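Undergrad: Chains as they are written, first to last, in this note's numbering: chain A, 10 to 375; chain B, 228 to 421; chain C, 5 to 289.
Warning: the hint list may mix true and false statements.
Think about it this way: if two alpha-carbon atoms lie no more than 27 Å apart in a straight line, the pair counts; the simulated DSSO-like pairs of lysine-lysine are [as the list claims (entries may be wrong)]:
(1) A:340 to C:236
(2) B:374 to C:85
(3) B:374 to C:177
(4) A:74 to C:101
(5) C:177 to C:157
(6) A:356 to C:101
(7) C:177 to A:340
(8) C:177 to A:356
(9) A:340 to C:85
(10) C:85 to A:356
(11) A:74 to C:85
(12) C:157 to B:374
(13) A:356 to C:236
No lab work stands behind these hints, which were simulated from the structure alone.
No experiment lies behind these values; they were computed from the predicted model shown.
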Amino acid sequence: MYVAVKGGERAIENAHAWLAEERRGDKNVSELSLAQIREQLSLAVNRVMAEGSLYDPDLAALAIKQSRGDLIEAIFLIRAYRTTLPRFGCSQAVKTGDMACDRRISATFKDAPGGQVLGPTFDYTHRLLDFKLAAEGEVPDAPVAKPRKEATPHITEFLQGEDIIEREPSSDAVPGDLTREPMSYPADRAVRLQSLTRGDEGFILGMAYSTQRGYARNHAFVGELRIGTVPVEMEIPELGFAIEIGEVELTECETVNQFKGSKTVPPQFTRGYGLVFGQSERKSIAMALVDRALRWEELGEDNLGAPAQDEEFVLSHADNIQATGFLEHIKLPHYVDFQSELELVRKLRREAAELSETLAAREAAQ
Amino acid sequence: MSLQTSSAVYAGGFSNPPVASAHAFRAAMNAMARPGEVQEITGATPPEGISPAAGCLLLTLCDPETGVFLAPGADTEAVRAWLAFHTGAPIVAAEQADFVLGSWEALMPLARFRTGTPEYPDRSATLIVEVPGFGTPNAQLRGPGIKGTAEMQLPELAAFQDNAVLYPLGLDFFFTSGSQVAALPRSTQVAAEA
Amino acid sequence: MSDYNFAYLDEQTKRMIRRAILKGLAVPGYQVPFASREMPMPYGWGTGGVQVSAATLTPDDTLKVIDQGADDTTNAVSIRKFFEKTAGVETTEETEKASVIQTRHRIPEAELTEDQILVYQVPIPEPLRFLEPRETETRKMHALQEYGLMHVKLYEDISQHGAIATAYAYPVKVEGRYVMDPSPIPKFDNPKMEMAAIQLFGAGREQRIYAVPPYTQVVSLDFEDYPFEASKAEHACDLCGSEHSYLDEVILDDAGNRMFVCSDTDYCRSRREAGHSGRLSEEAA
């Protein structure tokens, strides 16, 4: 009559086989190539690279294919792979001022040197389903402008010239690395930014949105948003100088936030900062807003008890790989613990019943 | 650096690091988990002046993320070069050290080593004390890892009694001689052998 | 992607974990922060235990993996396979033959020996977490040994339910100093924690490792008038007849008939092989 649940190993193998079949889908439909994913689902690839903390579009495409388009699962695959890679060293800080910009806009100035460059944006598309795409229509070539020769200066530099925005302290100190050291609170800004840039886009978006709605509102203007490629340079000890080892596409957002003054410092605008791999516009703006909200203490603002001001709360819940793992683990067997609660509740109920019986008997006797 | 010493620098590491360090760590862990019990620990051939057991501990536990302080006697050019080549661990001042190597006398005064903070007692130094051997016990040990009492030979008693008073702060000690290792964590109560 | 290091983790990661284990053994019950790595299985599925096991295993070890006391639960099977593949170690289902046992939610019934290491998978290592969610606060409470809040919570249970309403992950005090979460084992298992084997605890997502050396004093928190009680279902195992093992309750049919069987599958098997039997032995055969 009773058969213990056996054969876990075979069940697992069968589940994996079925999963592979489902991933492939109808075999009469041609299989996706990694190049197709990389080229045509590039924003998904960008998100997987950003939250996976690994800049490799081909691996991200592979992860998306393997995960059937579940981006958090794809991010997980990338993270688990990333952690096995040897660490050769760290690059020099990238100079986003030298970025070859595909897109560059400022909400704070009508125009500025370098101009407003819309780039490949969804912004002014009417969100109407384009049924032509369903018929695999060819796309005409977009008009091409001459690339700008000079670097595009940061908008905040103009403000900084007037000292009307706070200056970022520069430092040669090696920033902490949250993948190498356990998180401890309070975290410094470098570690906070690392946590935000690889944090879940939806979570960071929600946190940022909450600040706009009044939970620690900080009046953010998008001073500048730029997307483009920057060279990555690394100092090679054997050579004694830095060489370019490649380039990465980045999205950078600098917000100009409500000003702050004191008896000693005249009123100044403050900053929030977002920097994300790939074209990740929503994420980088959200990151800048949350960064700014988390800086309340350093800027002498009040703690309003808003979730986005709470560093430990934000940083310990931003990682979707940690979150999804722990959330989903509750589907693992917990019957031993459940049994212990079952016994406890039965015992408490028995005792409660005995007590009410005793009381009833006492009442009847009186 | 002469040719002879430079080749000695490259020699004496673990021949198969993943496996050798796994065995060495097991010995170190058993030692720390069972204060006073002597374990065999082998696989390293460090330069003259430090024991194979101490060499094993250094190879197993040290890397670029740990600062090492070499006390006088252990602080030779050969040891520094060997440690740098095989572990990449930086040599640091006594006050910053994660790991410390030396004879008991050379380690004095102990007060300069980190004992951790009330919130992070783990941020404390581990001392590798080179001893002549594990001879007649002079100390009786009690505490975690010990069934009833254990016996051990210690260079002195007072220093370890003072260390235990700091608990949960304090220093943790490995004792090494030849290919043998024993340990005394801060949690152990030390008394004179009856 | 085929050539992983022995036991999967790179050597530098293992060194970092090993250092944390040694500090954990030196300060029993104190949670040592460690830079937990992303593992190829999800957080919450034993990544802490797996990292501790990976840093502890030698090729000479024999590994046993249990989940809910059973060797054949899917996650136990999955973790056992992981180490068979990456470390090439022998595996066993027999408690006595294992030198390293990784467990989720149970301590084996057989008394463990000095030659064994028990590695626990821990979801939430902080026993004070559900009283105070902030790590910055709980760390201070441990530093100052401010455990009053825990006693208040247990006492509130008593005033509300007439008993301490914690059935698993029942907090313990280690060597009179640190209050520690024993991982979600049923409180039935708590008294076994004073054992001859080394106990290591790994919480991957929460980035903590802690340890209990052999023969360390481990006391379940209680009150003089409401002493701790290691309870289990008041039955004997229906297969092996044991009256001393922790039992799973199994629903047998639509009429709600139940049976009780040992949660420790190896313990139950070895008793049956030794000729012991329970109420439903024949039917079960």
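Undergrad: Check the hint pairing residue 374 of chain B with residue 85 of chain C against an upper bound of 27 Å on the C-alpha distance.
TA: violated (36 Å)
Undergrad: Measure nothing beyond the straight line between the CA atoms of residue 177 of chain C and residue 340 of chain A; if it is 27 Å or shorter, mark the hint as holding.
TA: violated (30 Å)
Undergrad: Would you mind confirming whether the straight-line C-alpha gap from residue 374 of chain B to residue 177 of chain C stays at or under 27 Å?
TA: holds (18 Å)
Undergrad: Going straight from one Cα to the other, do residue 177 of chain C and residue 356 of chain A come out at no more than 27 Å?
TA: Answer holds: residue 177 of chain C to residue 356 of chain A is near 26 Å, not above 27 Å.
Undergrad: CA of residue 340 of chain A to CA of residue 85 of chain C, is that 27 Å or under?
TA: With a Cα-Cα distance of about 20 Å, the restraint between residue 340 of chain A and residue 85 of chain C holds, given a limit of 27 Å.
Undergrad: Please work out if residue 356 of chain A and residue 236 of chain C have their alpha carbons no farther apart than 27 Å.
TA: holds (11 Å)
Undergrad: With a cut-off of 27 Å on the C-alpha distance, tell me whether residue 356 of chain A and residue 101 of chain C pass.
TA: violated (37 Å)
Undergrad: Decide if the proposed pair is consistent with the structure: residue 340 of chain A and residue 236 of chain C, CA atoms, cutoff 27 Å inclusive.
TA: Given that 27 Å is the threshold and the Cα spacing comes to 24 Å, the pair holds.
Undergrad: Within a Cα-Cα threshold of 27 Å, do residue 74 of chain A and residue 101 of chain C meet the stated pairing?
TA: Violated, at roughly 43 Å.
Undergrad: Compare the distance between the alpha carbons of residue 177 of chain C and residue 157 of chain C with 27 Å, and conclude whether the hinted pair is satisfied.
TA: holds (15 Å)
Undergrad: Decide if the proposed pair is consistent with the structure: residue 74 of chain A and residue 85 of chain C, CA atoms, cutoff 27 Å inclusive.
TA: Between residue 74 of chain A and residue 85 of chain C the Cα gap is close to 25 Å, so the pair holds against 27 Å.
Undergrad: Does the structure keep residue 157 of chain C and residue 374 of chain B at a Cα separation of 27 Å or less?
TA: This hinted pair is violated, its Cα atoms lying about 33 Å apart.
The earlier numbered hints that this structure contradicts are 2, 4, 6, 7, 10, 12.
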